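K.L.:
From just these sequences and the hints, can you work out the full model?
What follows is the residue order along each chain.
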Amino acid sequence: MKYWRKPLDYDRVTIPRGEVHIIADRCKGCRFCVEYCPKDVLEMSDEFNIKGYHPPKVVKHGECVDCNLCEMVCPEFAIFSVAVEGATAGDVSTSKVQTPKEGH
Amino acid sequence: MSKAVKHSAEKVAPPEPDVPAEPQHPVTPYLRMDRIPHIWCPTCGIGTVVRCFVDALVQSKVDLDKVAICSGIGCTGRVAGYLKLDAFHSTHGRPIPFATGLKMGRPELLVTVFSGDGDLVGIGGNHFIHAARRNMDLLVVLVNNFIYGMTGGQNAPTTPLTARSSTMPFGNFERPFNLPHLAESCGATYVARWTSLHVRRLTKSFREAIRRKGFRFIEVIAPCSTLYARLNKLGDGFSLMQFYHDTAVVKNNADTRETAIDFQQRIICGKFVDEERPTFIDMMHEHYEKVLGDKYVPTPPEGGLLSGPENESSSASGPRKKASKRKSSKKAANKGGGDGAQ
Amino acid sequence: MKAHAAGVLTGEHYLDGDFACGEGAMAAGCRFVAGYPITPSTEVVERIAKRFPMIGGTFIQMEDELASMAAVVGASWTGTKSMTVTSGPGFSLMMENIGLAAMMETPCVVVNVQRGGPSTGLPTMVGQADMMQARWGSHGDYEIIALSPQSPQEAFDLTIEAFNLAEQYRVPVMFMMDECVGHMTEKVVIPKPEDIEIVPRELTDKPPEEYLPYALDDNMIPEFARAGDGYRFHTTGLTHDERGYPVMSPDCQRVSVTRLVDKIRLNAEKIARYEEEQTDGADVVLVTYGITARVARRAIELSRRKGVKVGVIRLVVVWPFPEKLIRELAGKIKAFVVPEINYGQISLEVERCAAGKATTTLVPHMGGGVHNPMDIVNAIMEAAK
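These protein sequence lines are chains S, C and F, in that order. Quick note, this note's numbering runs 777 ahead of the 1-based positions in the first sequence. Quick note, this note's numbering runs 142 ahead of the 1-based positions in the second sequence. Quick note, this note's numbering runs 2 ahead of the 1-based positions in the third sequence.
No lab work stands behind these hints: they were computed from the structure. Nothing here was measured: the structure is a model prediction, and the numbers come from that model. Every residue, glycine too, gets a C-beta built ideally from N, C-alpha and C. All the given hints hold, so there is nothing to weed out.
A few chain F residues facing chain C, derived, Cβ under 7 Å:
(1) His6
(2) Gly31
(3) Met56
(4) Thr60
(5) Ala69
(6) Ala72
(7) Gly76
(8) Ala77
(9) Gly81
(10) Asn99
(11) Leu102
(12) Arg203
(13) Gly232
(14) His236
(15) Thr237
(16) Thr238
P.N.:
Below, the structure written as structure tokens:
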């Protein structure tokens, strides 16, 4: 992240970071998570899940701040974020797309 | 003797190990995961409300064994089937009196009614107003999608004027309810309205209401994609969520006389009523103690289950042994009949 | 199990049928009653309202009969024995939730103090015209148990029996009193608690992980778990499987409905209670229940004096109907005579079971009073020819 001017507590403040987990096969393609993510981390993908819907995918890796809004607004319980080590900019977080193996 | 048909009942996922390989969705321990994905349509808002409710339950640290859910009939009425709590899917319009029976039968339960607008204030209207009047200790969550969804989109008591539905194909000309006003005038002690977009405020409202006593009423405006949105050419649930985003205003302590909803007009959300008043059970105890004194024997919080002859009620903390033989009473001190021989 | 002492008002009392029924409920361990006032049944709940606060029970007058029945079903799921009380018009309103109780297999008792019908009818006068409704009132296939007392003493004893049967078979039991028995005052002897046998609400001893709400072991009655004990079960009025989850399939429907009906039907002989007198060698057998059974005694006495060999079957459990008994008797006698305060309800059952092997004569009374014994005598004489 680029700053115009370094804040005085630049090295003391930790920005929460999150890892987005998407349970693709539960998704029904409603787009709520994409629309309401405050960091615009998600976009609808072109892939199909098992029911023929387009699940979302993470496009801005490392930007998720673990606000859990996607998790709260998703009506299908198909997406959630997990806190990872908070850090200043430059940390790259990976996202994972889960294809469930237990037969959901 | 008929044999039960064994259905492919998937075992509920075992509890998470200490360090899970794959993190699970936080809602997993609280839902009947063998029934997920649920039946609600894409872009339906009910799932969101359920998510917020589960979050609030967990955050409130209530004993989940003592939470009971009652639902009626309809899309929202299916909520009971997905929550991993003592859940009762009753008849249309009757979750509130059913819940009253549960609460009065075992007063320590936290009884929640989760149902839709048609179920709770249409056919169930009478029960709604009386339970509110009595300040019955129930948490009532009404998911309002302005229509009877499950049965195909008929007019509901909350459908706004001019909105189309399958039984009002030329637009609704019947005045709808203003639900917060109805609840407040009937005596509800906690009245709030949010939309399913206001996830954080809704969760907070749930948390507050779980802690309160008395008739708590939370109306949640949620999108209905397949019926309300489609019949009124509003797009889908996503478009309705965008509409809530653009038009809903938060006005805590608003006068409920002004919270009526017109078709595609602004929706006033907020917490409108929050009072502490004695509940039905409180008043019952207080009154009987005053009038009967020592002779009053209240129903214990664990309920009126009678076990052995020495106990007034059971502690019911664990399972109980089955009697070795079921005894039927053959005693009929019948003086009026014949020989009494079979 | 012996009755709990607090609910038993031991002693000799002079009570009317309604009060006796209320006492019976309390003796049986009932601790939740939801009702709505309706003549002639209101005295039952008035008695209960007076005594419940002293014995740990909860009475609530609900806003209508639909709410009353729903509340009774709800309370029963907390393990509390529950009851509601009504008459004809209320009985009609309760039907939906009686169906729910039958589907969810909730033990409860519904008292119907019958009055003249249909609709508002004769609110303060006797009828017996709800007998078929007790059996068929709610939609769909299910079976219930119905009892019919003939005196305030029986109103006490049989209410206890009704609760016991409800617990045994996990079924709503219809207690079909009539206004005459309900408002008649007679001596009622209430025994000591240790002399009253009651069937307690039995809870499952399986742990929550193994428990399925509608799983069957070796009998057709599933084990019960109450709300709030950590079982986290789900139950519904939809057709459901053994997990309590709704399943929309003909297979599940077949299993479910077959069991709901069979658990009563296949046990009909165990459940049956009737009083049989002088049916051996009889020419005419009277089939009676409720207050009409007492009126019929006079008619039987008069007919016997005239030389007719008259036997009588007084039905105590009216549903399930004692088909086997009637079928066997039909081959040995000339005629059945069925006096009832309606235009033919149980007589239809008798006729069906008799299958033409004996004639069935109905002695109807449309309601508002009891039969003139001479009408019954005339029918007996006619049938004996």
